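Student: Each chain is listed here by its residues.
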Amino acid sequence: MADAMQRLIGLLRQLPSVGEKTATRLVFHILSSPPDYGHALAQAVADVVERVHPCRRCGNLSETSPCSLCADPRRDQSVICVVEKVQDLLAVENSHEYRGLYHVLGGALSPLEGKGPDQIRATELVDRLGSEVREVILATSASVEGEATALYLKKRIEQAGVRVSRIASGIPVGGELEYIDRGTLALALSGRREMS
Amino acid sequence: MHLSQVQVSGYRNLIAQSIELSEGVNLFVGNNGQGKTNILEAVHFLSSLRSFRAAAVRDVIAHGEDVAQLGAKVLDDGLPTELKLILGGSGRRLWLGQRSISNVREYLGQFKVVAFTPDDLAMVKAGPALRRRFLDRAVFLFSPAHLTRVRQFQTALRSRNSLLKQRKKADLAVIDSFSQKMAEYGAEVSRARCDFVRRIEPRAAAILAEMEETSPRLDLRFKAGWQAGEDLSQADLYQDLCDSLDRDLLRKQTSHGPQQDDFEISLAGESARRFASQGQQRSCVVALLLAVVELADAELGLHPVILLDDVSSELDPDRRQQLLGLVSKLGSQLLITTTDEGLVGDMAGQVNRRFRVYAGRVDPL
Ligand SMILES: Nc1ncnc2c1ncn2[C@@H]1O[C@H](COP(=O)(O)OP(=O)(O)OP(=O)(O)O)[C@@H](O)[C@H]1O
Ligand SMILES: [Mg+2]
Ligand SMILES: [Zn+2]
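Chains as they are written, first to last, in my numbering: chain A, 1 to 196; chain B, 1001 to 1365.
Calculated from the structure, these hints are not laboratory results.
The structure displayed is predicted, hence computed values, not measured ones.
The hints are all genuine.
Subject to a maximum C-alpha distance of 30 Å in a straight line, what follows is the list of computed BS3-like cross-link-like pairs (lysine-lysine):
{"#": "1", "chain 1": "B", "residue 1": "K1168", "chain 2": "A", "residue 2": "K154"}
{"#": "2", "chain 1": "B", "residue 1": "K1169", "chain 2": "A", "residue 2": "K85"}
{"#": "3", "chain 1": "B", "residue 1": "K1168", "chain 2": "A", "residue 2": "K115"}
{"#": "4", "chain 1": "B", "residue 1": "K1252", "chain 2": "A", "residue 2": "K115"}
Generate coordinates for the entire structure from the input sequences, incorporating the hints supplied.
Tutor: Below you can see the structure in the form of structure tokens.
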């Protein structure tokens, strides 16, 4: 096999759930397609890497900073929805139940993985709580770590005098937002409760 | 409920084979290291999706294989169910009949077993960890969600411990968040254990009295591993964790909590662990095991398949006879293993089918 093919197979194999067989199939497919496709694919990969970065304010992945969500004046500036990952932000967006701002933590508190408050942009969140923000919705996952993160953030946000709510249960135990269907997530958002 | 057939392939040292089981008592005989425990473990895996030994999934897949495949034909009141399970490769896949199952709860409801290993049989004299394990497995039989709670509790506990061990200055707000979660899941775990001890106590006592006319009265008492009030509330556990925090920070470990739960077995008011004879201790365990089986019948109308590993090592002939007699009275199917060739003759009248286990192969005798 040509060296260039070997190299591409090796790179594709590093992607999640792509094994040797799949990687090989993908490379043959690229080679049997018109060359334009391969060029476009390579360019798109380069563009993603060069142009997409976390938004400095909310952590969303975007080509601009602030991102289009942060920059949109029609969005409700008085609510921030806190999620663990960008995929979760997209899930909340797709539920069409929410029109406020976001804060992406980049994970949950996890002592077992050495993740503390500094690794989850907690201070950045507190710094955003100006006079305009009236409510923070904690939409971390229903795992032990996600729940503990919600409790921790609640204390810090309340110190800043802002109301804190948690998305309603109905999210399965250990549930990750990104895998929950739209209807359930919309219900969880609209049924959110002030944390006691 | 009884198991009419088990299929194994790529599991531990067992060769790919299908084993036809009888109702009543099935006896597996073989030398050490031939695969007897592996058969019971495979049956347990089919039922509970985990091993009864502390084993990771990859440990049960035969060396050199990528996947293990298990199957069972179960008859419940004459109604057949087929279970299939593939481990390894891209995770775990489950089937009931031809239907692929994604909801673990649905799968777990189908086929129930109760397993007793030599560890369980040594429960009275052993440390509290084995008694907690016995409780958790028994509670799981009645409510599968208990396992989830135990796991969540353990994650919260390990997280808290890891924070206590951290070299840099402890962030008390983070510790507190994990203490809160530990209290929430942990109180529920302790309550389920305590409640279960209350439910089996009268049955275990009655069974023991039936086994031995002269036996002193059996009492069971749950002892929470924390400053628990009558209702074992989350608030009390949280308070205890807060009160212990300074000491925990010094010891770098969580000192109180459900991880210290235990239950005391006593005869005529005296601790069985400290005062009962060997024979009495074994009788207590047999009574406990049978009480679990009886309770499953009474509360769930369920006759779980009983797995008894290595009976000869902990049970003397008299207790074995009593156990078999009571089990057959309850109408449960029993899978037992032994290295003792003598048992084959001794138990001839009570055993419905015998198997020889040799180098991972199981042959009916
Ligand atoms: N993943 C595996 N792949 C292949 N063989 C394995 C695997 N795990 C364990 N074994 C083998 O299985 C055998 C142990 O089987 P098992 O524990 O069922 O024995 P046993 O018949 O119950 O013995 P004993 O009477 O000593 O309890 C050992 O020889 C061990 O090496
Ligand atoms: Mg064994
Ligand atoms: Zn943004």
